[in-house]
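All letters in the sequence shown, in the order written, are residues 36 to 90 by the numbering used here.
Mixed in with the good hints there might be a few duds.
Okay, the calculated beta carbon distance ranges per label pair [what the hints assert, rightly or not]:
id, residue 1, residue 2, range
1, LEU53, ALA83, 27 to 37 angstroms
2, ASN48, ALA76, 32 to 42 angstroms
3, ARG40, ALA80, 31 to 41 angstroms
4, VAL68, VAL89, 29 to 39 angstroms
5, THR42, ALA76, 27 to 37 angstroms
6, LEU85, THR42, 17 to 27 angstroms
7, ALA80, ALA41, 18 to 28 angstroms
8, ASP74, ARG40, 33 to 43 angstroms
To be clear, the hints were calculated from the coordinates, so they are not data collected in a lab.
Beta carbons are placed, not taken as given, at the ideal position from N, Cα and C, and that holds for glycine.
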Amino acid sequence: MPARRATGVVYQNPASSLNPRRTVGSSIAEPLVVHGGYDSAARRARVAELLDAVR
Numbered sequence: 036m037p038a039r040r041a042t043g044v045v046y047q048n049p050a051s052s053l054n055p056r057r058t059v060g061s062s063i064a065e066p067l068v069v070h071g072g073y074d075s076a077a078r079r080a081r082v083a084e085l086l087d088a089v090r
């Protein structure tokens with residue numbers, strides 16, 4: 036089955052899914068914490084890399 040058929044759109048309301056008291060960096064880092072595999076230095080480096088990618 037082509038990936039397009041198995042892919043759907045997930046609509047999100049940013050007001051309910053993003054916490055305005057958290058920094059963008061901590062919001063990006065959260066999945067890295069939850070799914071593991073990164074120590075704090077590697078996590079900070081990966082967050083910086085991702086932020087640079089969208090600059």
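Taking the hints in turn, this is what the structure says about them:
A beta carbon spacing of about 20 angstroms between LEU53 and ALA83 contradicts the range 27 to 37 angstroms that was offered as a hint. In this structure the supplied range 32 to 42 angstroms holds for ASN48 paired with ALA76, their Cβ-Cβ distance being about 34 angstroms. In this structure the hint that ARG40 and ALA80 lie 31 to 41 angstroms apart at CB holds, the actual value being about 37 angstroms. Range check, VAL68 to VAL89: about 20 angstroms between beta-carbon atoms, so the 29 to 39 angstroms window is missed.
Between THR42 and ALA76 the C-beta distance comes to about 34 angstroms, which sits within the given range of 27 to 37 angstroms. Hint check: LEU85 to THR42, Cβ distance near 22 angstroms, so the stated range 17 to 27 angstroms holds. A beta carbon spacing of about 33 angstroms between ALA80 and ALA41 contradicts the range 18 to 28 angstroms that was offered as a hint. Range check, ASP74 to ARG40: Cβ separation about 39 angstroms, and the 33 to 43 angstroms hint holds.
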